[in-house]
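Add chain B to chain A, keeping to what the hints say.
Heads up: the protein sequence lines correspond to chains A and B, in order. Sequential numbering from 1 applies to the first sequence in the working numbering. Sequential numbering from 1 applies to the second sequence in the working numbering.
If you're looking for bench data, these hints aren't it; they were derived computationally from the structure. Careful: at least some of the hints might be erroneous.
With a straight-line Cα cutoff of 25 Å, these simulated SDA-like cross-link-like pairs (lysine to any residue) come out [what the hints assert, rightly or not]:
hint	chain 1	residue 1	chain 2	residue 2
1	A	K136	A	I169
2	A	K96	B	K4
3	A	K76	A	E46
4	A	K66	A	F50
5	A	K96	B	E161
6	A	K66	B	A196
7	B	K4	B	R182
8	B	K165	A	F220
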Amino acid sequence: MLNSATLTGEQPAVFQIKGINDGLLITLREGEWTVLREQLLGNIQEQSSFFQGARVALDVGNQVLKAAELGALRDKLGDFGITLTAVISTSGITEKTALMLGIATQIQSAKKVIPAARPKEEPTTLPGEAAVFLHKTLRSGSRIESPGTVIILGDVNPGAEIFAGGNVIIWGRMRGTAQAGSNGDKTAIVCAMEMTPMNIRIAEVSLEGKPRKGKLQPEFASIVSGTVIIQPWKHSTY
Amino acid sequence: MTAKVVTVTSGKGGVGKTTTTANLAVALSMDGAKVVCIDGDIGLRNLDVIMGLENRIVYDLVDVVEGRCRLRQAMIRDKQNPELYLIPAAQTRDKSAISPSDMVRLCDELRPDFDWILIDSPAGIERGFRNVLAPADIVIVVTNPEVSAVRDADRIIGLVEAEEKGPAQLVINRLNASMVKRGDMLSVEDVTELLAVKLIGIVPEDEMVISSANRGTPVANDAKSRAGQAFHDIARRLQGEEIVFPSLDVKEDFFKKLFRVN
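Looking at chain A on its own, in the form it has when it is part of the complex (with noise of 0.2 Å):
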């Protein structure tokens, strides 16, 4: 196979290398993914001894993930002595396989870097809050971040986190931890159809008592006077 980092003049390299803080950013171009992938697995098992124990953030721009893809490739890299810390697309899909694989979607010290790499696409979306949505069950050991709101439809199972900085909306039970307004927002939510969290914090307040038996039926948290407590969803409530 050629060598396309080798190659000059017309033919662009399949990516591009940078060092960064945490080691390395690897900056994929645009093209098929397997062959890209072929091709990036191939110049670095030439090049295997410079790879030995790196750390690699991958940008992969705009491809399209699903998580058997992305498990192939870290399993491949660590091969090579590589760990995939994190995995840098535009794709919510990709980045969503990444999360669901406990690879991280950002680079602190690069986060500068990335959107220069790539023109930013034109806001197609109605202004307001964004929000992650997520059609399955949280087992334990999920743990999901967002800056905005969160919505689950499924379960929340004991062990699973959630940390939104918005509201954290359950259409299922809610056995689990969650943090909402973690920016500080006192008037953000927790709500689900039943209510046997684990913990529950909102703001900088924590639910406190002793672990509550739920009812089956919708409930919601909020701080009312200061503190979290957790109240049947009625229409006159909310």
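Chain B only, in chain A's frame:
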């Protein structure tokens, strides 16, 4: 023949992964299938002990992967079931000695000659877990009816889903019906209601499991024992049969129990 690769895992240690792997292998092979077990717990092997084959080990999984022997040379035939083989783990190495792609290659090489490839997992969710998950077609999660084991099972089921190897299937091991009745143990419903995956087996607590494992003849060799029967049921469900779960004669208000547990 194209074997299905079944990975038996749990997250938490000591819930009965190895016991389940050995007994499922015996049960499948007694049903006439060609079965090979792979011990994926490199560094802490014990599938060979439970199957009573430890004194026959010459080569192991790492020897195969590193090319020191051919695959066939590392396969040990079971004492009682001629169509059952074991590929033991290395005792002197650790999980980093093999990679997920090694396991995929190994299983692909075995597939044409077998009906079932069963892989026993190490405890934990690190490298060793990735190794055994990579080749899996079916993932069986073993848990005990206790809160910590169920919590870990939930985590594992989530990881299996994230890797698109799911949905996992559930075996509840070591269920003690009288403890459930007294309210001292989670019931089957408590566990399945939380984990929300397909239940493929309930194995009652049975002293014969331990005594037979110590003898190196998995309890499934005696299809009349209670636990042995349960493992045969799991094997038949794996093969696509609909087998009703035997009654555990426990009746208690479901919601009352649920809230006591939480």
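So, going through the hints one by one against the coordinates:
Proposed proximity of K136 (chain A) and I169 (chain A) is supported: the alpha carbons are some 13 Å apart, at most 25 Å. A distance of roughly 30 Å separates the Cα atoms of K96 (chain A) and K4 (chain B); the hinted pair therefore is violated under the 25 Å criterion. Proximity of K76 (chain A) to E46 (chain A) is assessed by CA-CA distance (about 14 Å); at most 25 Å being required, the pair is judged to hold. For a cut-off of 25 Å, the pair hint linking K66 (chain A) to F50 (chain A) is broken: about 28 Å separates their Cα positions.
As the CA atoms of K96 (chain A) and E161 (chain B) are separated by approximately 13 Å, the hinted pair is consistent with the 25 Å bound. Of the supplied pair hints, the one linking K66 (chain A) and A196 (chain B) holds, its CA atoms being roughly 23 Å apart against a limit of 25 Å. For the hint linking K4 (chain B) to R182 (chain B), the alpha-carbon distance of about 40 Å lies beyond 25 Å, and the restraint is violated. Of the pairs offered as hints, the one joining K165 (chain B) and F220 (chain A) is violated, with about 35 Å between alpha carbons and a cut-off of 25 Å exceeded.
Taken one by one, the earlier hints fail for this structure at numbers 2, 4, 7 and 8, listed in ascending order.
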